[in-house]
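Residue-level listing of the chains:
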Amino acid sequence: MNLRDTLSANLTLPRAPLAGVGWAELADGRVLAPIGWADAEADADWARSMLAGYGIGRGDHCLFATTGSEYWPLQLGTAVTRLGGFIGNIGAAAHEDRRLSVYLRFLPPKAVFGLTEALAATVAGSAELAALVAKVPHVLALPAAVPVLAGAGITARAISPVGPALALPCADGDGSHVDGSQFSVAQLPGTRSVTVSTSATREFRLAGAEVSTRGTVLPGCACGRPGPALNLL
Amino acid sequence: MASATARSSSMLEPAVECMPRAELNAYHDDKLAELSGLAYGRAPLLTRLWDEAGVRPADINGRADFSARVPFLTKDMIRDYRSAYCAPFGGLECRALSALDGVFTSSGTTGDATFFAEEWRDGWSPHWLGATRALYGAGIRAGDYMLVGSSGMRGPQAHLAQLLGAIPIFMGLTDPQFLEVVERYRPAFMTLVGFTAVELLELSKSVDVKQVFSCFKVIGFAGEPLGVAMRERFTAWDIELLTWSTAGDVALCFECLEHDGMHMWEDTGFFEVLDVETGAPVEDGGVGELISTSLCNPIAPLARYRTEDLVRVTREPCACGRTHMRQWPLGRLGDLMVVRGVSVTPSEVWRALETVPETSAGVFQIVKTGTRMERLKIRVGYDADQATDLAGLRARVGAAIWARLAIEADLELVTTGELLASSTTGKIQRVVKA
Chain A
1 MNLRDTLSAN LTLPRAPLAG VGWAELADGR VLAPIGWADA EADADWARSM LAGYGIGRGD
61 HCLFATTGSE YWPLQLGTAV TRLGGFIGNI GAAAHEDRRL SVYLRFLPPK AVFGLTEALA
121 ATVAGSAELA ALVAKVPHVL ALPAAVPVLA GAGITARAIS PVGPALALPC ADGDGSHVDG
181 SQFSVAQLPG TRSVTVSTSA TREFRLAGAE VSTRGTVLPG CACGRPGPAL NLL
Chain B
1 MASATARSSS MLEPAVECMP RAELNAYHDD KLAELSGLAY GRAPLLTRLW DEAGVRPADI
61 NGRADFSARV PFLTKDMIRD YRSAYCAPFG GLECRALSAL DGVFTSSGTT GDATFFAEEW
121 RDGWSPHWLG ATRALYGAGI RAGDYMLVGS SGMRGPQAHL AQLLGAIPIF MGLTDPQFLE
181 VVERYRPAFM TLVGFTAVEL LELSKSVDVK QVFSCFKVIG FAGEPLGVAM RERFTAWDIE
241 LLTWSTAGDV ALCFECLEHD GMHMWEDTGF FEVLDVETGA PVEDGGVGEL ISTSLCNPIA
301 PLARYRTEDL VRVTREPCAC GRTHMRQWPL GRLGDLMVVR GVSVTPSEVW RALETVPETS
361 AGVFQIVKTG TRMERLKIRV GYDADQATDL AGLRARVGAA IWARLAIEAD LELVTTGELL
421 ASSTTGKIQR VVKA
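Chains as they are written, first to last, in my numbering: chain A, 1 to 233; chain B, 1 to 434.
This is chain B alone, in the form it adopts within the complex:
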């Protein structure tokens, strides 16, 4: 990678990115009151929920009122409303379709994909606009080349490059001419997702990854948490990853070069973290469910949306100087399960599989039959080039699971290629129904 000292760590919007907490609080007080006035009476589902809860916009004067009085919104409520009324945005719509520039979707991992409506600003997608702070902070500059072919799911990623003065190259890692393009243009940024990280592992068998990727200032990684072993591989390849994710489906959040949590831009959203059992606010550092509210989406805003994301957050300023909240995603609420009294999460299974060379890419699925299960069934992807003795591999994987969880697992061994090919969403679905 390009050396850190050669990069600038300056900020695109220092006054916003380093805004003192008191000013962010005051901003949220204003924006939440404004959102209440915007959504109530326009967004049919929100209006109905608020009516049922006896809430009126005049009741909302800031964060305290909002958190105490506004009812939760769930993905199921949105889907149910959409199906019942054939309302594309599930009763969140505040504007007519004529206001729209783009409508993109979630991955649809857990059911019908839901829509994200966008009104572009002077022709630029706000989704990618929100990512420019992070990439500018990571040193991406005018004239740099960026590979933008990883996905079109959230609209034109070329906007991200063009907004930064960089040049988009329309291709991704799996393109047959990837190596040729990297050699010719020496790009500074691209994004990998879980799938393409595994592809990179394959690539490392035939090329010197460290040399090929030496031109990249940073590489984005998104889609799901990265396993420990894979992260160590990237470090060995001298690749600096900038992990990014969704901030409660209202915006994007990115790591900065401190790599100490992902910054959630609080001018674009209001975020709460609540105890899963009690619903009480969780102090910084505690684990809870992320609840998100859009502050920059006048088309179809989410208000107190239960993301089902388990996170840890802090509002302490980062060493980089930015003050906005940082999150560490820990998994999905629905991924929690108990097997013979033992709590099991995909990340625990992942850590176990990483200790076995043939399964260290972390390609697996837990087959879930209920929240409480008697048996743990795991579909495990293995590297066909490395595995010669499947019976022996099964025994070693079983031992690794036992060492980590003290559970005997039913293992279905398939090649990583087969397991990846079974995805219908572009993500490795870690927990699947039986």
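Okay, chain A solo, but in the shape it has when bound:
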């Protein structure tokens, strides 16, 4: 009764062989990227350690702007709840400003993840909304949205899928990090093109595949965390 037994009933069902099927944006197109259960656990654990650096903990609100068709918000959302925080959700479209405003006014988040260029443009066009976003301690936006927000006086850092991986900025350094236990990244010489390889344990494997996201692989990050770091701007 009352959903408690529903969960018990669900947990008796056979578990699916995969946690899900996401996407990897490669330079020559988008491909399906199956996600194993061990992949999902590793992704959530890594995100948890990264978000802990932001001081996200019990009672902290983290707001996500998503299309609903992406895997990374599930990865980060799982990490937030494991840290004791809670998630909110809005769409990624320009017209999501109304829902964004409601969250910002009544449930101010500690961090906002995934603001798109379109939504950032709406924010930049509204002094009231821009002032609310500016009060958010940590704004993590897609790379194209960062300069748009900067134009409205909002400091944002870049977050982005990099092929099947996620580049997530640390709280105290200058790079956007990729989980080095699962992925490696490299720079194509003389370009801002980036290649990604996956570990042999991942369900979806790549070896030196050029991804659509562009950036610069950094020699390291001031935060001292292991693994690759990128400048996505």
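One thing to keep in mind: the hints can contain errors.
[Unchecked claim] Okay, the calculated beta carbon distance ranges per label pair:
1. Glu183/B with Pro189/A: 35 to 41 Å
2. Arg82/A with Glu34/B: 28 to 34 Å
3. Asn231/A with Arg79/B: 42 to 48 Å
4. Thr201/A with Asn61/B: 57 to 63 Å
By construction, these hints were calculated from the structure, which means they are not laboratory data.
Keep in mind it's a predicted model, so treat the numbers as computed, not measured.
Note that beta-carbon positions come from the ideal geometry of N, C-alpha and C, so glycine has one too.
With chain A's structure known, arrange chain B on it following the hints.
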């Protein structure tokens, strides 16, 4: 679609889903008393309302006391309290923010969106947990693929798939690789909303929808009632729809494979249907306003919440064997209007527009200037690929409205694409202010 005989109609929780009415009644008596103790003294708005009504938890020993004594709660009260006190949950909060795992929102169609607070159970969203009974009953099984990209508005829909042992694919109908994914993974379930149903109509111009969708066991349809003509199209495409909706904002309700109303899981909520004019309980089969009370939300429970949803319900057991109440949504209270003495509802306008091929997708908005109006103004979406003579189309639409309502309408013709693009909530808002 996969054949019905190939599907199991078994239940995830037969003892709960087929619980005898007397046991459900006893359960409600216990839970309503428990809720009263939980909410009073903690939820500031509920406490204030109950104090004003002279009600104490000790007065509530079951359904009869609850319905007779507990005052109503409205969305405006919640919004007003939220604005006055900057209280995110509008004075319904019974727990600290540290108890939360997720906070999601209503669509905000009629004003500022309101929040739904969730405390997850072992990492699983109760919103999607509540939907697993319906999908299991519809034959979704471990190893099936489900498309989960239709919306993130109510939190991670991937949970719904994973709880069933199914595999979520992060994409929706409008994704450019939709056809490729369907061909490769042969998914068993996805959800359409009003918008995406219109997209499907577009897709049908270039692909064999019947063939593409043959792998789906069922397809969820949510967001608003489906028009008769569109439902007939789905039937012709051999697509079995499982209509679902909110059960008074406290849980989800789904059709079963009998397609005879949407089951409202009464272990998650207590539902009343009251006469709009008198407030008296409406017998099964009658039309009234749905009043809902949360029985599974210790964070910010709704208690006797006036949903403004006009519904018909029955507590008669369904042919599927389930005993929980079923509802048929009929519209919103605010959508009722009188034009020159004639009662007009969006569903009447919809039925008229469906008779005209170019407007049969049912994309329209009534421009409302008041509850009583002298003129009926309708913004009508038409299929630009079909319409060649707009003056002729205007005349035929006008005639269809007249035939249905005996009212002459002022028509503003726009393409369906333009009208859909004007939405700011992801829903087609059927009644808009002038």
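Practice prompt. Hint by hint, work out which the structure violates, then give me just those numbers in ascending order.
Written response: Those not satisfied: there are none.
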